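Protein chains: 2
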Amino acid sequence: MNTDLLLQHISKHISLTGEEEDILKSVLHSKKIKKKHFLLQEGEVNKTATFVTSGILRIYSIDKNGFEHILQFAPPGWWIGDMKSAITQQPATLNIDAIEDTEIIWISKEDLEKLYAAVPKFERFFRILAENSIASYQQRLVNNLSLSAAERYDNFCKLYPSLVQNLPQKQVASYIGVTPEFLSKMLSNLSEKK
Amino acid sequence: MNTDLLLQHISKHISLTGEEEDILKSVLHSKKIKKKHFLLQEGEVNKTATFVTSGILRIYSIDKNGFEHILQFAPPGWWIGDMKSAITQQPATLNIDAIEDTEIIWISKEDLEKLYAAVPKFERFFRILAENSIASYQQRLVNNLSLSAAERYDNFCKLYPSLVQNLPQKQVASYIGVTPEFLSKMLSNLSEKK
DNA sequence: AAATATTCTTAATCTACATTAAGTCCGCCC
DNA sequence: GGGCGGACTTAATGTAGATTAAGAATATTT
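Protein sequence lines, in the order shown, are assigned to chains A and B. Here the first sequence is numbered in the working numbering, starting from 1 and rising by one per residue. Here the second sequence is numbered in the working numbering, starting from 195 and rising by one per residue.
If you are wondering where the hints come from, they were derived from the structure by calculation, not from laboratory data. Remember, predicted model here, so these are calculated numbers, not experimental data. Ideal placement from N, C-alpha and C gives every residue a C-beta, glycine not left out. Errors might be hidden in some of the hints.
Heads up, simulated DSS-like pairs for lysine-lysine below, C-alpha to C-alpha not over 27 Å straight-line [as the list claims (entries may be wrong)]:
| hint | chain 1 | residue 1 | chain 2 | residue 2 |
| --- | --- | --- | --- | --- |
| 1 | A | 36 | A | 12 |
| 2 | B | 230 | A | 121 |
| 3 | A | 109 | B | 241 |
| 4 | A | 12 | A | 64 |
| 5 | A | 121 | A | 109 |
| 6 | B | 258 | A | 12 |
| 7 | B | 219 | A | 25 |
| 8 | A | 158 | A | 31 |
| 9 | A | 170 | A | 35 |
| 10 | B | 308 | A | 121 |
| 11 | A | 114 | B | 379 |
| 12 | B | 315 | A | 84 |
| 13 | B | 230 | B | 364 |
| 14 | A | 114 | B | 241 |
| 15 | A | 64 | B | 315 |
| 16 | A | 121 | B | 364 |
| 17 | A | 121 | A | 35 |
| 18 | B | 219 | A | 158 |
| 19 | B | 226 | A | 121 |
| 20 | B | 230 | B | 206 |
| 21 | B | 315 | B | 241 |
| 22 | B | 258 | A | 64 |
| 23 | B | 352 | B | 258 |
Simulated restraints, written as ranges between beta carbons of each label pair [unchecked claim]:
| hint | chain 1 | residue 1 | chain 2 | residue 2 | range |
| --- | --- | --- | --- | --- | --- |
| 24 | B | 206 | A | 3 | 44 to 54 Å |
| 25 | A | 35 | B | 196 | 29 to 39 Å |
| 26 | A | 20 | B | 229 | 29 to 39 Å |
| 27 | A | 110 | B | 302 | 33 to 43 Å |
| 28 | A | 113 | B | 224 | 48 to 58 Å |
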């Protein structure tokens, strides 16, 4: 298991002694998820904290007409989860699957509680992480409430330049909240205007 | 200053000794905000954590056409803030003002850091708080991406039954993401269908 | 390399919701 | 208590983006 990316990510917010790092490592597990396979499906309980080390995951809901709505992509260095399910340990309403072959590091909920008890610094780490996540959800909501589809697309490109290149267009459409047909039309209109 | 509601709220997630409670109380301040007055304006820096003890606050963005988009209401027992500004200490893009005469308890960012150092349990408390907030932002996003205006209204009513009664309709419209005119029409259609 | 599935495009038609505008009702301040 | 600004309503018209459908281009599987 390659923990470099995770340790590097953690060290941006808290610093660990060698001993603390060992305690952390003792609760880490890794897993590979093949493209199109699920990490979490609607109805299952989200029982782990998940950190992506390679590939890309996505988290999305499926509405009553069967359409997918993507909440977040998780490229390497990102955490992902259905937070309501993780907190309440009730069945998830969100799905997580792999857009490409992906490798993750995960920690079980019980081990995470043990980790908090053994090294309280991790409460701090995950607090900071959660607060950053709130900041981006607030921004995302503002964008969805106040911007046009074209502006949301622009925004997405600026925020995730690497993803725009590698993602099928329909995934981008699902994230910014339009149909693939409309995004396609929008892009061809944009390019002919130049 | 009446700290009952705050202490009760905190005790749902962590338990404090008398001494720890005293340390907390030493960093608390209270403030009254009159109806329509601002707690935070776009361009200012969000320098405090804010807990509502009476009244109602709202946090919203103003788009380039001058329209308001409400992210969250904060009735008594809720925290509120522009998280990006609070983290980065850069100018806020969100506004917070009072819908009714309101009383809050606030903690400065510096004192909050001191509190974390003195009583690490508070890292845990605010981690849990932040995680719950993420859960509701995830839900809110799903709703905005996948539900019709009527369904979002329904949802709002179930989630904040007390607010629907007391809030001007146009505030509800701004929260669910439609114009006041459309919400008005929607409601009169709904009622005549019965 | 063929077969199959998935993604992307184009275009016609449709609809949920926005915009504009006018009028009514109500609380609040001088 | 009369004027006034804000909140709500109604209705006509406009539009961003959805839906439907069909074909073309790209991947993926065998």
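message: Output the indices of the hints that this structure fails to meet, ascending.
response: When the structure is compared with the hints, numbers 1, 2, 3, 4, 6, 7, 8, 11, 14, 15, 16, 17, 18, 19, 20, 22, 23, 24, 25, 26 and 28 turn out to be violated.
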